[in-house]
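Let the hints inform the model, and build the full structure from the sequences given.
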Amino acid sequence: MESAVQSFFVSLPYAAALWVVILLVVAVAGALVSVPTKAPAPPLTGPQADALRFAGEVAVAAERAATTATRLRAEWATAQERVDAAWAAYDEADRQARESARAAAYPLMSRRRKPGENAVRERWLHSAATAACRRREISIEQLNDVLAHRGWNPRLHPVVLEGLLHNAVRVHRLSQYEDAQKLEQAAWHESELAAEALRSLRAEAAAALVRAGVAGRVVADDQWFADQWATAEMPAMAKAVA
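The opening position of the sequence shown corresponds to residue 1 in full-length UniProt numbering, with each subsequent residue numbered one higher.
Any given hint could be a false lead.
Stated by the list, open to error - Calculated pairs, EDC-like style, for lysine to aspartate or glutamate (alpha carbon to alpha carbon, straight line, at most 20 angstroms):
no.	residue 1	residue 2
1	K114	E99
2	K182	D84
3	K182	E75
4	K182	D91
Calculated directly from the structure, the hints in this document are not laboratory data.
Predicted model only: the values in this text are computed from it and were never measured.
Pasting the structure below:
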């Protein structure tokens with residue numbers, strides 16, 4: 001009798017622990033059953049499917065437009081670098097021309113020229129102008145004027161001729177800078193048109209999703225809409241910020 005009672009009290013804690021575990025399992029199962037499940041989305045209607053298909057087509061066109069906008073923006077950046085390089089070249093040519101002008105301000109001694117000195121001066125001018133043209137410091141048209149003596153007097157003193165040649169280089173560098181500016185403005189205009197086309201396509205794609213009433217299914221949050229207007233692809237916006 002005492003052995004049976006003792007066995008009962010020994011097994012009592014184990015039985016209580018088992019009942020606690022069973023109650024916990026039942027409580028968890030009840031909680032899971034009581035959680036409401038999200039109803040499946042209703043099937044798309046015909047107009048919604050058409051709008052979604054249209055949004056996909058516009059999205060593909062927007063991706064192509066993004067590639068074009070990125071390429072044109074890179075071309076615009078290259079054109080800006082060329083403008084900077086052209087200005088630096090003009091600034092250097094202007095400095096040399098001004099130095100030559102200051103050197104020519106001093107009076108030159110008038111003396112009797114040696115026989116053949118005019119021919120030597122002419123050969124020097126032709127050689128210097130040809131070398132400048134090979135370095136692309138003057139244009140072919142300017143070189144032709146020098147060789148044909150149109151506006152050039154090869155019998156002038158070499159100091160004067162050198163100053164005139166430096167001035168011709170300055171004129172040519174200024175013309176190159178102005179041409180580079182025009183190309184940069186044209187590249188910026190093309191980039192702006194491409195960016196505007198990209199904005200329109202992405203706005204149309206987003207509007208098509210809204211019209212289809214499936215924006216919540218396709219897009220997790222509003223970040224997708226914000227990404228459609230990335231400033232890296234908008235040269236005009238980037239230019240304004242810079």
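Hint check results:
Of the pairs offered as hints, the one joining K114 and E99 is violated, with about 28 angstroms between alpha carbons and a cut-off of 20 angstroms exceeded. Straight-line distance between C-alpha atoms of K182 and D84 comes to about 13 angstroms, which keeps the hinted pair within the 20 angstroms bound. Restraint check: the Cα-Cα separation between K182 and E75 comes to about 14 angstroms, which is no more than 20 angstroms; the hinted pair holds. Between K182 and D91, the direct Cα distance comes to roughly 18 angstroms. Compliance with the 20 angstroms bound is thereby established for this hinted pair.
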